[in-house]
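Protein chains: 2
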Amino acid sequence: MIYMVGIGPGKREYMTLQAIEAIENCDVIVGYKTYISLIEDLIKDKEIIKNEMRQEIDRCRIAIDLSKKGKNVAVISGGDSGIYGMAGLVYELNTKEIEKQEIKVIQGVTSSISAAAVLGAPIMHDMCQISLSDLMTPWNVIEKRLKLASEADFVICIYNPRSKGRSDHLKKAFEIMAEFKGAETPVGIVKNSGRMNQEEYIVEFQKMNFELCDMSTMIIIGNKESYIDGNKIITPRGYSI
Amino acid sequence: MIYMVGIGPGKREYMTLQAIEAIENCDVIVGYKTYISLIEDLIKDKEIIKNEMRQEIDRCRIAIDLSKKGKNVAVISGGDSGIYGMAGLVYELNTKEIEKQEIKVIQGVTSSISAAAVLGAPIMHDMCQISLSDLMTPWNVIEKRLKLASEADFVICIYNPRSKGRSDHLKKAFEIMAEFKGAETPVGIVKNSGRMNQEEYIVEFQKMNFELCDMSTMIIIGNKESYIDGNKIITPRGYSI
Numbered sequence: 001m002i003y004m005v006g007i008g009p010g011k012r013e014y015m016t017l018q019a020i021e022a023i024e025n026c027d028v029i030v031g032y033k034t035y036i037s038l039i040e041d042l043i044k045d046k047e048i049i050k051n052e053m054r055q056e057i058d059r060c061r062i063a064i065d066l067s068k069k070g071k072n073v074a075v076i077s078g079g080d081s082g083i084y085g086m087a088g089l090v091y092e093l094n095t096k097e098i099e100k101q102e103i104k105v106i107q108g109v110t111s112s113i114s115a116a117a118v119l120g121a122p123i124m125h126d127m128c129q130i131s132l133s134d135l136m137t138p139w140n141v142i143e144k145r146l147k148l149a150s151e152a153d154f155v156i157c158i159y160n161p162r163s164k165g166r167s168d169h170l171k172k173a174f175e176i177m178a179e180f181k182g183a184e185t186p187v188g189i190v191k192n193s194g195r196m197n198q199e200e201y202i203v204e205f206q207k208m209n210f211e212l213c214d215m216s217t218m219i220i221i222g223n224k225e226s227y228i229d230g231n232k233i234i235t236p237r238g239y240s241i
Numbered sequence: 001m002i003y004m005v006g007i008g009p010g011k012r013e014y015m016t017l018q019a020i021e022a023i024e025n026c027d028v029i030v031g032y033k034t035y036i037s038l039i040e041d042l043i044k045d046k047e048i049i050k051n052e053m054r055q056e057i058d059r060c061r062i063a064i065d066l067s068k069k070g071k072n073v074a075v076i077s078g079g080d081s082g083i084y085g086m087a088g089l090v091y092e093l094n095t096k097e098i099e100k101q102e103i104k105v106i107q108g109v110t111s112s113i114s115a116a117a118v119l120g121a122p123i124m125h126d127m128c129q130i131s132l133s134d135l136m137t138p139w140n141v142i143e144k145r146l147k148l149a150s151e152a153d154f155v156i157c158i159y160n161p162r163s164k165g166r167s168d169h170l171k172k173a174f175e176i177m178a179e180f181k182g183a184e185t186p187v188g189i190v191k192n193s194g195r196m197n198q199e200e201y202i203v204e205f206q207k208m209n210f211e212l213c214d215m216s217t218m219i220i221i222g223n224k225e226s227y228i229d230g231n232k233i234i235t236p237r238g239y240s241i
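Chains as they are written, first to last, in the working numbering: chain A, 1 to 241; chain B, 1 to 241.
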C-alpha cells in the first residue's frame, strides 16, 4: 500500500490529522530530503529513503517496489501531493505494473492556500495556478496560459516562479500579464510560506520585485477588484456591504 | 480577535491541527448551521451562533462585534476560509470599522483538493477554479472565464455547479467548454467529498450527467493529457517514464 502524503507548507500545525496518521502507520518513508527534514521528529522509528531533487521517478519506483514486498510506504510531498506533487507520477508508473499497487492520496494544504492566508484574502474569487517551470512543460504553453488567465481576470497563483537556471521567466511572465493586469493590481509575495523563515511582501504590479523571488516563493496576483488594505490583500467576493 | 477557520471538507481527519487548536481556543463559534453541525463534538462548551445560508454579512458583523467586546471568535467556513469562504467578507467589513479587529486566517483543505484525492491525480498540472454561482458574479464574466480557461487547456474545477434556482448553468458551462475540451476528456464528479455520504463518478466529457450534480458537488475536468485508468483520473505532470 502506498500513501501519497501531502505534509502542507511545513510547520506541523498546517498538517491534516490524516497525514500525521498515515505517516505513523507506515513502515517506510520516501521523499525529497528537504521535505523529510520537515517531519524528522515524526519518523524517528521508521525506515527512511530520501533523495535529491529531480530523482522523482526513482523515488516513486522505490515506493512501488516496497509496496510489492508488502510494506506500507508513505511518499512525502510538500503542500498537497495532488498539486504539482508526487501523486500523479506514482499513479502513472503503477499503470505500467502487472501487479498493481493500492494507492491512497492523503490531502494537504497547498502553497497557494497557505500564502493566501498570510496575505489576507486574495483568492476569494475565481483563480488559477500556473507553474513557471519549463522543465516538463513547453514555455509557449505556459505563455499562452498566462495570457488567457490574465484576459479572464483570474486571480493568478504562480508556482515555481524563479530558479537560478531561469531567472528571466518571471519577468517575461509579468510582461505577458501586463496586457490585462493593471499597474496597480495587488501582488503578494510569500517566501517559505508556513515555514520558520517565512517572509511576505505586498506590492503593486508595476513595482514587482523579481529579485525577491526563488523556487520557494508563491506569488499571488489579484483580479480587477482586488485591493490593498494596510498589510493585506482583499479580493471581494461580491457582497453588497 | 477573529479566527477565520476552514474546517476542510467535513470529516475530522481532513482538518489541520491549527484549525482544531483555533476552535479550542475560541469563546464563541459563528457559522452556517451545516458547517457547525460537522464540528459539534469540538464545540460542546462554547457559545454558538449559527444561522442560515445567505446570512453571511450578518454572521461576519456579529463576529466583528463580539471581537470588539474582547471575545475570541471563530468564524467557520467549509473547506478553506480563503477560497469562496468567509475570510474576504470579514476583511472587507473590517476596513469600514474605526476600531479595526485583528483577523487571522486558519488554513484548510479546499474542495478541489479533497475531490482530487478521491479521483486519483487529476490536478497534477496548471488548473483553475471557477464558481458557477451568479448570485454575486455576472453570468457573462463566468462564461468568459470558462471559455478562456478551456482554451488555455487548464484542468478546471467547478465550484457551486448546480442549484435548484439555476439548473441549466452547468449544461451551458459544458457547451462553452466543448469548444476546446475534447469529447473524451475525463470528468470527475464528487458529491459530498470528504463527508460520510461521499459519492464519486468518472465519465467522459461527452457523457456528462448533469442530474448527478448539486451544490455539494465538485466537478473536475481534465486537460488534453488527462486520461482514465480504471476508477481514477490521471493528469501527467510531464515526466518521461
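Mixed in with the good hints, there may be bad ones.
To be verified - Under the rule of at most 27 Å between Cα atoms (straight-line distance), these lysine-lysine pairs were calculated in the BS3-like manner:
| hint | chain 1 | residue 1 | chain 2 | residue 2 |
| --- | --- | --- | --- | --- |
| 1 | B | Lys11 | A | Lys11 |
| 2 | B | Lys147 | A | Lys104 |
| 3 | A | Lys172 | B | Lys33 |
| 4 | A | Lys232 | B | Lys104 |
| 5 | A | Lys224 | B | Lys96 |
| 6 | B | Lys224 | A | Lys147 |
| 7 | A | Lys232 | A | Lys147 |
| 8 | B | Lys69 | A | Lys232 |
| 9 | A | Lys224 | B | Lys46 |
| 10 | A | Lys144 | B | Lys147 |
| 11 | A | Lys232 | B | Lys100 |
| 12 | A | Lys71 | A | Lys50 |
| 13 | A | Lys191 | A | Lys232 |
| 14 | B | Lys33 | B | Lys147 |
| 15 | A | Lys144 | B | Lys100 |
| 16 | B | Lys96 | A | Lys104 |
| 17 | A | Lys33 | A | Lys46 |
| 18 | B | Lys96 | B | Lys144 |
| 19 | A | Lys96 | B | Lys224 |
| 20 | A | Lys46 | A | Lys68 |
| 21 | B | Lys147 | B | Lys104 |
If you're looking for bench data, these hints aren't it; they were derived computationally from the structure. All values reported here derive from a predicted model rather than from experimental measurement.
Results for each hint:
no., hint, verdict
1, Lys11/B <-> Lys11/A, "holds, 22 Å"
2, Lys147/B <-> Lys104/A, "violated, 33 Å"
3, Lys172/A <-> Lys33/B, "violated, 47 Å"
4, Lys232/A <-> Lys104/B, "holds, 11 Å"
5, Lys224/A <-> Lys96/B, "holds, 20 Å"
6, Lys224/B <-> Lys147/A, "holds, 19 Å"
7, Lys232/A <-> Lys147/A, "holds, 26 Å"
8, Lys69/B <-> Lys232/A, "holds, 23 Å"
9, Lys224/A <-> Lys46/B, "violated, 40 Å"
10, Lys144/A <-> Lys147/B, "holds, 14 Å"
11, Lys232/A <-> Lys100/B, "holds, 13 Å"
12, Lys71/A <-> Lys50/A, "holds, 17 Å"
13, Lys191/A <-> Lys232/A, "holds, 16 Å"
14, Lys33/B <-> Lys147/B, "violated, 35 Å"
15, Lys144/A <-> Lys100/B, "violated, 42 Å"
16, Lys96/B <-> Lys104/A, "violated, 46 Å"
17, Lys33/A <-> Lys46/A, "holds, 15 Å"
18, Lys96/B <-> Lys144/B, "violated, 32 Å"
19, Lys96/A <-> Lys224/B, "holds, 20 Å"
20, Lys46/A <-> Lys68/A, "holds, 18 Å"
21, Lys147/B <-> Lys104/B, "violated, 35 Å"
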